[in-house]
Structures are given as C-alpha cells and as structure tokens.
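Chemist: Given only the sequences and the hints, what does the whole structure look like? Please build it.
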Amino acid sequence: MGLRFPPKVLEHILSFIDSNEDRNSVSLVCKSWFETERKTRKRVFVGNCYAVSPAAVTRRFPEMRSLTLKGKPHFADYNLVPDGWGGYAWPWIEAMAAKSSSLEEIRMKRMVVTDECLEKIAASFKDFKVLVLTSCEGFSTDGIAAIAATCRNLRVLELRECIVEDLGGDWLSYFPESSTSLVSLDFSCLDSEVKISDLERLVSRSPNLKSLKLNPAVTLDGLVSLLRCAPQLTELGTGSFAAQLKPEAFSKLSEAFSNCKQLQSLSGLWDVLPEYLPALYSVCPGLTSLNLSYATVRMPDLVELLRRCSKLQKLWVMDLIEDKGLEAVASYCKELRELRVFPSEPDLDATNIPLTEQGLVFVSKGCRKLESVLYFCVQFTNAALFTIARKRPNLKCFRLCVIEPFAPDYKTNEPLDKGFKAIAEGCRDLRRLSVSGLLSDKAFKYIGKHAKKVRMLSIAFAGDSDLMLHHLLSGCQSLKKLEIRDCPFGDTALLEHAAKLETMRSLWMSSCFVSFGACKLLSQKMPRLNVEVIDEHPPESRPESSPVERIYIYRTVAGPRMDTPEFVWTIHKNPENGVSHLAIK
Amino acid sequence: MEKVGVYDELDNLKATELRLGLPGTEETVSCGKSNKRALPNNTEKEIESTGKTETASPPKAQIVGWPPVRSYRKNNIQTKKNESEGQGNYVKVSMDGAPYLRKIDLTMYKQYPELMKSLENMFKFSVGEYFEREGYKGSDFVPTYEDKDGDWMLVGDVPWEMFVSSCKRLRIMKGSEVKGLGCGV
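Chains A and B supply the protein sequences, listed in that same order. Each step along the first sequence adds one to the number in UniProt numbering, with nothing skipped, and position 52 is 52. Each step along the second sequence adds one to the number in UniProt numbering, with nothing skipped, and position 176 is 176.
Hints are computed from structural coordinates only; laboratory data are not their basis. Treat the numbers as computed from the prediction; the structure is a model and nothing was measured. Fair warning: there could be bad hints in the mix.
Stated by the list, open to error - Simulated crosslink set (DSSO-like; lysine-lysine; CA at most 30 Å straight-line):
| no. | chain 1 | residue 1 | chain 2 | residue 2 |
| --- | --- | --- | --- | --- |
| 1 | A | Lys481 | B | Lys74 |
| 2 | A | Lys396 | A | Lys365 |
| 3 | A | Lys314 | A | Lys481 |
| 4 | B | Lys124 | A | Lys573 |
| 5 | A | Lys418 | A | Lys334 |
| 6 | B | Lys110 | B | Lys124 |
| 7 | A | Lys8 | A | Lys39 |
| 8 | A | Lys195 | B | Lys74 |
| 9 | A | Lys99 | A | Lys129 |
| 10 | A | Lys500 | A | Lys449 |
| 11 | A | Lys365 | A | Lys452 |
| 12 | A | Lys314 | B | Lys148 |
| 13 | A | Lys481 | A | Lys449 |
| 14 | A | Lys500 | A | Lys418 |
| 15 | A | Lys369 | A | Lys396 |
| 16 | A | Lys418 | A | Lys480 |
| 17 | B | Lys124 | B | Lys92 |
| 18 | A | Lys195 | A | Lys99 |
| 19 | A | Lys449 | A | Lys324 |
| 20 | A | Lys109 | B | Lys92 |
| 21 | A | Lys480 | A | Lys452 |
| 22 | A | Lys324 | B | Lys74 |
| 23 | A | Lys500 | A | Lys396 |
| 24 | A | Lys396 | B | Lys74 |
| 25 | A | Lys480 | B | Lys110 |
| 26 | A | Lys500 | A | Lys481 |
| 27 | A | Lys411 | A | Lys391 |
| 28 | A | Lys210 | A | Lys396 |
| 29 | A | Lys369 | A | Lys261 |
| 30 | A | Lys314 | A | Lys334 |
| 31 | B | Lys74 | A | Lys109 |
| 32 | A | Lys195 | B | Lys174 |
| 33 | A | Lys109 | B | Lys148 |
| 34 | A | Lys500 | A | Lys445 |
| 35 | A | Lys445 | A | Lys365 |
| 36 | A | Lys525 | A | Lys449 |
| 37 | B | Lys74 | B | Lys137 |
| 38 | B | Lys168 | A | Lys195 |
| 39 | A | Lys109 | B | Lys168 |
Modeler: Now the structure itself:
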C-alpha cells in the first residue's frame with residue numbers, strides 16, 4: 001500500500017496531543033512517528049531524575065520549552081532519606097544551558113538546587129518564564145535575586161515549602177523597574193521581611209499578576225496595602241494575621257478583601273485570630289480553594305466561615321474542625337472535590353484530638369463530588385470505610401493515616417482488612433492509596449486483586465509476612481510507585497517479583513527485613529534497575545543475612561549514578577562483591 | 001510466635017534487629033505487635049491476626065517520620081504552639097544509631113552538667129569531659145546542636161542562656177563524623 005502520512009500532517013495532528021502518556025504511546029508506533037513526536041514535544045516530564053540522563057533528554061527533545069523534574073523519593077518528606085542522598089539539579093541545568101537554550105520553564109520537586117544553578121538559569125535562558133521549586137533545598141535568597149534581576153520576561157516564581165538559606169529580604173528589590181510580566185509570585189516559605197514598599201511597587205507595575213503568596217513576615221497592614229494595589233488577584237496567600245486587633249485595622253482589612261472580586265483561592269492565614277475571620281466573609285462565596293491548615297482556629301469560627309463557601313472545591317484544614325465542623329462542610333460545601341485534614345499536634349503523644357472517623361463519613365455522604373482525601377485520625381473503623389466506599393465510588397485518591405500504629409478497628413478490635421477491601425473494590429478509579437492501622441496480609445490480597453488502577457501505594461506498620469509483598473507485586477496492575485516502611489516482609493517476595501520492578505518507577509522499603517544478600521542478588525539479576533542500599537552502617541560490614549535499613553530501587557536507562565554518597569551502597573561501587581552462598585529462588 | 005531461625009550469628013542479628021526499641025533496652029516500646037517483629041522468617045505462611053489489642057501505654061517515644069507530616073508543616077505548627085503557650089522549650093534529640101528521636105524540655109535544666117546527665121541517662125551513653133579548646137574527650141559521643149542560623153555547634157561553648165535561646169535541636173554524634181569538630185577522639 002505504501003500510504004504514509006506526510007510529516008507535516010502528522011505534526012499537525014500531534015499538536016493536539018498534550019498528554020505525555022499519549023505522546024509516549026505515539027512514539028512507539030514506528031520510527032517516523034517517534035521522530036516526528038520527539039521533534040514536536042515541548043513539555044517534558046521526568047518523574048525520576050536518575051531514570052534517564054540529561055544528555056539523553058536534551059538530545060531526544062530539541063524543541064523542549066518546559067522541563068519538570070522530580071528527585072528524592074517521596075518519603076524524604078518525612079526525614080526518611082538522609083541528607084546528601086542526591087537529586088542534584090546541576091547536571092540537568094548544565095545540560096540544558098548547553099543544548100536547550102530556548103527553555104522557558106523549569107519545575108522541580110525534591111531536588112537539591114544551588115545558587116549556582118539559579119545563576120546559571122538566569123544567565124542561560126533568554127526567554128525564561130517559569131520557575132517552580134517544590135520541597136527543594138540547597139539555595140539561598142541570593143540565587144532568587146539572580147533570577148529576579150536577570151529574567152526579563154519572568155512570569156512565575158514560586159517557592160513552595162523549600163528550605164532556603166535566608167540572607168534577608170533584599171532579593172525582592174532585584175526585580176528591575178522594567179519588570180512588568182509577573183503573573184505569579186510565591187515566597188511563602190521565606191523567613192525574612194521584605195520591604196513592603198518594594199513589593200507594593202512591584203505589584204502595582206504587574207498588571208497580569210494573578211497569584212500572590214506572601215510569607216508570614218508580611219503584616220496585616222502590608223496585606224491591606226497590597227490588596228489595594230492588586231484587587232485583580234485570583235489567588236492570595238496572606239502573611240501573618242497575628243496583630244493587635246484595632247477597629248480601624250479590621251474595617252480596612254474587610255474593605256480591602258471586599259474589593260477583590262475575583263479571588264478564588266485563599267491560603268496562609270498563619271496565626272489568624274477568630275475575630276479577624278469576618279473580614280474574609282465577603283470573598284467566601286467566590287472561593288473554590290481554601291487552605292486553613294496553618295490556622296489554629298476552632299470549630300465554631302471555622303463553621304461560620306465555611307458555611308459561606310458554597311462553591312468550595314478544595315479544603316485543607318486541621319483536625320480542630322472536629323467531626324461537627326465536617327458535618328457542616330458536608331451540608332454547605334456541596335462542590336467539594338478535595339479534602340485534607342491535618343493533625344494539629346503531629347506527635348504520637350497527642351491527646352484530645354477532637355476528630356474521629358465520623359467526620360470523614362459525614363463528608364463522604366454529603367459531598368458527591370469528593371474524589372481526593374487525605375485524613376489524619378487517631379483510630380478508625382471498618383464500618384466507616386464501608387460507608388465511605390459505598391457512598392464515594394468515585395474516589396481517585398484515598399490517603400488515610402491512622403496515627404496510632406497497628407491500631408485495629410476500635411469498635412470490633414479487628415484489623416482494618418475488610419474496610420480497605422471495600423475501598424479497593426468499590427472505588428474503581430482509585431489512583432493513589434495510603435493505608436494504615438492494623439492490617440494483615442489479607443488486606444494486601446484484596447488490594448492486589450481489586451486496586452487495578454492504583455499507581456501509587458504507601459504502606460506503614462502493616463502486614464504479617466512476605467505474602468503481603470507477594471500479593472502487591474503480583475496484583476496491582478497499574479502500580480508505578482510503592483513505598484513501604486516498617487513492615488515485616490523479607491527477601492522471597494522481592495526476588496520472586498523482580499521483573500515487576502521494571503514496570504514501576506520506583507520501590508522504597510525502609511525498616512523491613514530485606515537482607516543485604518538479597519539486594520546484591522537483585523542487583524545482579526536486574527541490570528536495568530538501580531538498587532540502592534541506604535544504610536548509615538556499611539552493609540558489607542555485616543553478615544549477608546542481616547537486614548538493611550533502607551532500599552530504594554528504580555528502573556533506569558541511565559545506568560548507575562556517579563554521585564552517590566558514602567552511605568549509599570550500589571553493586572557498581574563494589575563490582576567484586578559477588579553473591580555468595582545465599583541461595584534464594 | 002518466636003521462632004529461632006537458621007542463622008548462625010544470632011548475636012549479630014539481635015544487634016541489627018529492627019524493632020521499635022531504644023538501643024540498650026530489651027522490651028519493645030509501646031506500639032503493640034511486639035512478638036510479630038522478633039525475627040525475620042521467610043517461610044512463614046499467613047498468620048491469622050485477630051485483633052491485637054495492645055494499645056500504647058504512655059509515654060510514647062517518637063518514631064522517625066511518623067505521623068507522616070512534612071517537617072515544614074511540623075515546624076510551623078510547633079513553633080507557634082511553643083510561643084503561644086510560653087511554657088517549655090521542647091527540642092528534639094537524635095542520637096546516631098538510635099532508631100528514633102526523643103524530646104526534652106530545655107527549661108527543665110539550669111546548666112550544662114544537668115542536661116548532659118539527662119541525655120546520658122536517656123540514651124545510655126557517656127559523653128566524656130568538656131575542654132574549652134579541644135571539646136569533648138574520652139568518649140566516642142559528642143553532643144551537638146543546631147542553632148537558629150542552621151549551623152551545627154558543639155554543646156557547651158556558649159553561655160547556658162544563649163544556648164537555650166538559640167538551640168533548635170540536639171544531635172549526639174558518634175564516631176568518625178566527630179573528627180571535624182576538633183575533638184580529641
């Protein structure tokens with residue numbers, strides 16, 4: 001037949017395909033489709049910075065305009081990955097500066113970014129527009145200043161929960177007077193005070209500014225004057241709300257908010273006193289997103305606020321909202337899609353937490369569009385899980401953290417196996433699942449069997465034996481990321497299902513019973529996986545059968561990484577370390 | 001259900017055993033299911049677990065990274081609480097090699113020797129003698145702290161009050177890492 005699409009036609013068709021998953025499929029069809037696709041891909045996503053080399057990426061996608069990179073494993077958020085593990089941005093930035101100088105957007109999560117990196121970005125990409133750093137570390141406000149000073153068309157500068165060496169608030173003054181392109185600025189994680197007059201001027205000359213997230217050092221007075229400069233904001237992160245309540249201050253604040261007619265998202269609100277909340281009432285009816293998770297406000301005041309938020313789709317709040325408050329949310333916030341309830345006392349010692357499983361049950365019953373849940377609670381019941389699964393089969397993300405490790409159903413004293421079975425079976429579209437509480441291997445049999453679309457699974461203090469891991473790795477067809485801590489499984493299941501690991505992005509295991517010998521064997525069997533043993537005591541100094549502290553396994557086409565610190569063992573560092581007498585099937 | 005495995009080096013194994021207990025203690029701390037985690041057993045079939053009712057007894061030690069709340073969030077809530085309550089200045093204490101951290105209230109001590117003694121009791125170690133020039137001598141362990149600027153300092157160099165107001169957390173370092181602090185090890 002010999003019918004072939006002229007490349008131009010194919011290019012045109014591909015320009016309608018945004019999803020990288022689809023583009024990945026397209027590139028597998030044949031060589032010419034691979035070529036056309038790679039030459040037209042503008043937005044590149046690398047979920048694990050060690051899975052592929054920077055050179056390979058810049059070579060394959062010459063028209064790259066936007067790069068998203070993720071570094072450290074998720075459990076690094078909870079201090080389970082020692083400092084110095086890796087995730088360095090520099091090799092990527094260096095490669096892109098050399099080969100992809102028309103890069104416009106960089107988004108990084110959990111990576112080590114230095115001032116040198118930021119200076120290089122500022123110097124190398126003429127039309128740089130977007131920098132978003134989430135949970136990154138390694139840089140100071142000097143690096144931010146370089147970006148501000150040099151990137152003339154900067155639209156987005158967002159520092160989300162980064163650890164920044166704060167050398168003062170001067171960085172803000174580095175935005176030149178000619179800078180008018182800002183659309184979004186988020187410096188909420190910085191400590192130092194910035195000059196309000198500088199910020200006011202910047203905001204006033206940025207007519208496209210839609211999102212502004214201040215740090216706690218910005219006072220209420222500062223907030224008022226900023227709101228006056230930018231009434232067109234759609235997203236606002238306030239500074240600190242802690243100030244002496246003066247009547248004039250209150251009415252000024254109220255007025256400033258009431259002029260922000262397009263405000264849809266509100267966050268910050270550190271130390272907000274309940275007496276100030278009424279100043280927000282005017283914006284409530286328009287809010288779709290509200291983050292009260294740093295506001296130590298209690299239930300009655302919260303309800304007064306929330307009952308006015310009829311359009312709310314996303315709510316982040318602390319357990320101070322109590323079951324009663326969530327009951328109110330269920331009746332007033334009918335558009336709710338995402339709920340996150342954080343612990344006000346994130347300690348095991350915490351007592352008097354006023355929230356039970358009932359709160360989540362209320363919301364599951366009342367909010368039909370609810371699809372994403374993160375819920376911290378001391379204890380839970382199977383009955384509650386049954387109800388949640390029955391009422392909300394449309395759940396896409398369900399992360400339950402029962403704070404008490406090994407806590408059974410407190411009404412029946414049974415494990416929560418049946419409850420999570422109901423969730424896995426009932427919520428067919430579940431993509432992300434975190435389990436907790438007392439769970440036996442049975443729970444994982446159910447999850448392996450029914451959770452067909454789950455891509456990310458997090459497990460802590462659960463299971464009885466190797467069967468747990470066996471069920472998960474032989475089931476869970478869509479599993480991409482598995483992270484496990486403190487579970488009593490060992491080598492057998494891991495080695496038996498080694499092939500599955502190549503279909504996943506990564507597997508994290510810490511404080512389990514996997515032996516060093518098994519790690520070595522796995523490394524040898526599976527050359528396309530990087531098997532990292534992260535152990536503060538060198539594993540070679542112990543018998544092969546002794547368990548290692550942490551293992552991080554990920555598929556890669558980049559080969560072994562060269563930047564491992566001392567406490568990371570890989571077989572490539574010790575090639576003579578063959579497998580000895582440990583005979584495992 | 002304690003099964004002795006086929007391992008020769010039982011002592012070594014016990015030393016590296018993963019369990020929720022402080023080094024030097026034999027019982028597992030509070031969190032239940034103590035017998036399940038005694039020894040790894042690869043050939044074990046499904047164990048019926050019908051309701052472990054061992055709920056925790058006070059006081060609970062901290063488990064690293066649990067509950068899974070980001071440090072950013074933890075720091076933001078806790079500092080606010082300490083400031084508002086005005087009582088107690090709790091800082092985390094970690095010790096190299098210990099599976100989890102503890103917390104102490106610095107306002108409970110009046111001077112360095114008291115603090116040292118308390119730490120020594122808590123973690124079952126001894127810290128040697130402090131010299132102004134050389135730091136701590138006579139022990140593998142060195143007490144350090146993170147100050148407000150994020151730098152790691154040797155405990156004992158500054159006046160006590162200055163230490164209490166600037167100390168964010170403590171870390172008892174051990175072994176080879178200690179050399180960098182100029183201690184006679």
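Chemist: None of the hints should be skipped; say for each whether it holds.
Modeler: For each hint, the structure was consulted:
{"no.": "1", "hint": "A:Lys481 / B:Lys74", "verdict": "holds, 25 Å"}
{"no.": "2", "hint": "A:Lys396 / A:Lys365", "verdict": "holds, 16 Å"}
{"no.": "3", "hint": "A:Lys314 / A:Lys481", "verdict": "holds, 25 Å"}
{"no.": "4", "hint": "B:Lys124 / A:Lys573", "verdict": "violated, 35 Å"}
{"no.": "5", "hint": "A:Lys418 / A:Lys334", "verdict": "holds, 29 Å"}
{"no.": "6", "hint": "B:Lys110 / B:Lys124", "verdict": "holds, 21 Å"}
{"no.": "7", "hint": "A:Lys8 / A:Lys39", "verdict": "holds, 12 Å"}
{"no.": "8", "hint": "A:Lys195 / B:Lys74", "verdict": "holds, 28 Å"}
{"no.": "9", "hint": "A:Lys99 / A:Lys129", "verdict": "holds, 18 Å"}
{"no.": "10", "hint": "A:Lys500 / A:Lys449", "verdict": "holds, 15 Å"}
{"no.": "11", "hint": "A:Lys365 / A:Lys452", "verdict": "holds, 24 Å"}
{"no.": "12", "hint": "A:Lys314 / B:Lys148", "verdict": "violated, 35 Å"}
{"no.": "13", "hint": "A:Lys481 / A:Lys449", "verdict": "holds, 17 Å"}
{"no.": "14", "hint": "A:Lys500 / A:Lys418", "verdict": "holds, 26 Å"}
{"no.": "15", "hint": "A:Lys369 / A:Lys396", "verdict": "holds, 11 Å"}
{"no.": "16", "hint": "A:Lys418 / A:Lys480", "verdict": "holds, 24 Å"}
{"no.": "17", "hint": "B:Lys124 / B:Lys92", "verdict": "holds, 17 Å"}
{"no.": "18", "hint": "A:Lys195 / A:Lys99", "verdict": "violated, 38 Å"}
{"no.": "19", "hint": "A:Lys449 / A:Lys324", "verdict": "violated, 36 Å"}
{"no.": "20", "hint": "A:Lys109 / B:Lys92", "verdict": "holds, 27 Å"}
{"no.": "21", "hint": "A:Lys480 / A:Lys452", "verdict": "holds, 12 Å"}
{"no.": "22", "hint": "A:Lys324 / B:Lys74", "verdict": "holds, 25 Å"}
{"no.": "23", "hint": "A:Lys500 / A:Lys396", "verdict": "holds, 23 Å"}
{"no.": "24", "hint": "A:Lys396 / B:Lys74", "verdict": "holds, 27 Å"}
{"no.": "25", "hint": "A:Lys480 / B:Lys110", "verdict": "violated, 53 Å"}
{"no.": "26", "hint": "A:Lys500 / A:Lys481", "verdict": "holds, 11 Å"}
{"no.": "27", "hint": "A:Lys411 / A:Lys391", "verdict": "holds, 21 Å"}
{"no.": "28", "hint": "A:Lys210 / A:Lys396", "verdict": "holds, 29 Å"}
{"no.": "29", "hint": "A:Lys369 / A:Lys261", "verdict": "holds, 26 Å"}
{"no.": "30", "hint": "A:Lys314 / A:Lys334", "verdict": "holds, 11 Å"}
{"no.": "31", "hint": "B:Lys74 / A:Lys109", "verdict": "holds, 19 Å"}
{"no.": "32", "hint": "A:Lys195 / B:Lys174", "verdict": "violated, 44 Å"}
{"no.": "33", "hint": "A:Lys109 / B:Lys148", "verdict": "holds, 26 Å"}
{"no.": "34", "hint": "A:Lys500 / A:Lys445", "verdict": "holds, 17 Å"}
{"no.": "35", "hint": "A:Lys445 / A:Lys365", "verdict": "holds, 28 Å"}
{"no.": "36", "hint": "A:Lys525 / A:Lys449", "verdict": "holds, 27 Å"}
{"no.": "37", "hint": "B:Lys74 / B:Lys137", "verdict": "violated, 35 Å"}
{"no.": "38", "hint": "B:Lys168 / A:Lys195", "verdict": "holds, 27 Å"}
{"no.": "39", "hint": "A:Lys109 / B:Lys168", "verdict": "holds, 26 Å"}
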